[in-house]
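Q: Sequence:
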Amino acid sequence: MSEPYKEFVIDLKQVAIYQDKSLILSDVNLRVKQGEFVYLVGKTGSGKSSLLKTIYADLNLKKGDGKVVGYDLVKIKSKEVPKLRRKLGIVFQDFQLLMDRSVNDNLAFVLKATGWKDKEKMKFRLDECLKMVNLHTKGFKMPHELSGGEQQRVVIARALLNEPELILADEPTGNLDPDTSDEIMQLLISLCKELNTAVLMATHDYTILEKFPSRILTCSNGSIIDEENIIMG
1 MSEPYKEFVI DLKQVAIYQD KSLILSDVNL RVKQGEFVYL VGKTGSGKSS LLKTIYADLN
61 LKKGDGKVVG YDLVKIKSKE VPKLRRKLGI VFQDFQLLMD RSVNDNLAFV LKATGWKDKE
121 KMKFRLDECL KMVNLHTKGF KMPHELSGGE QQRVVIARAL LNEPELILAD EPTGNLDPDT
181 SDEIMQLLIS LCKELNTAVL MATHDYTILE KFPSRILTCS NGSIIDEENI IMG
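With the numbering used here applied, the sequence shown covers 1 to 233.
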């Protein structure tokens, strides 16, 4: 655990972010520490999703320097991208669960896809992650039998499978009612603290920022403004 990058799971310097040939964000300087919870806010189309896609190497980094969990985003080869993503947990707004498979099978699918082979170890890790999100009795259910909040908990469990150093959450409460949103936020914040896993969460729900204050990055006018650090309540 002594690698030099451990202090910063995201380290971007003078980065320009492009979608095709369109410049979306310029002069991005951004560092996120291990175990830190950071919000990414901004209007639709302001560049939040493009920044997240650059961090998980879905968009190429063409200008500037960027390191994410020790991987150089400028030099990364396509065959290394799956290794980078194994160190990341990604939580989407629209769940992206396999609707024809049980919760257990959804998680097992990801473990197999990321190179797990020992069935006993897979079962143990799968159960462990479902316990972390309070769904250990629901593994046999199909996604459509779960509430929206429970489906998002499955997505978070899926994101935790490979013990990520960074969770990227793209509008994780966007499809949930306020009470369920609060539960998901409490879960993400507690996992961040307990597992010392950094969370970068894109949201446009400003009530969440008031209820669960933390550091805020704002995408605005083609750049990122790093708000003053606010200690989490």
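Check each hint, because a few of them may be wrong.
[To be verified] Think about it this way: if two alpha-carbon atoms lie no more than 25 Å apart in a straight line, the pair counts; the simulated PhoX-like pairs of lysine-lysine are:
no., residue 1, residue 2
1, Lys131, Lys119
2, Lys112, Lys62
3, Lys138, Lys123
4, Lys77, Lys67
5, Lys63, Lys79
6, Lys33, Lys141
7, Lys193, Lys33
8, Lys21, Lys33
9, Lys141, Lys112
10, Lys77, Lys63
11, Lys83, Lys33
12, Lys43, Lys87
13, Lys63, Lys87
No lab work stands behind these hints: they were computed from the structure. Please read all numbers here as calculations on a predicted model, not as lab measurements.
Q: Failing hints, ascending?
A: 2, 6, 8, 12
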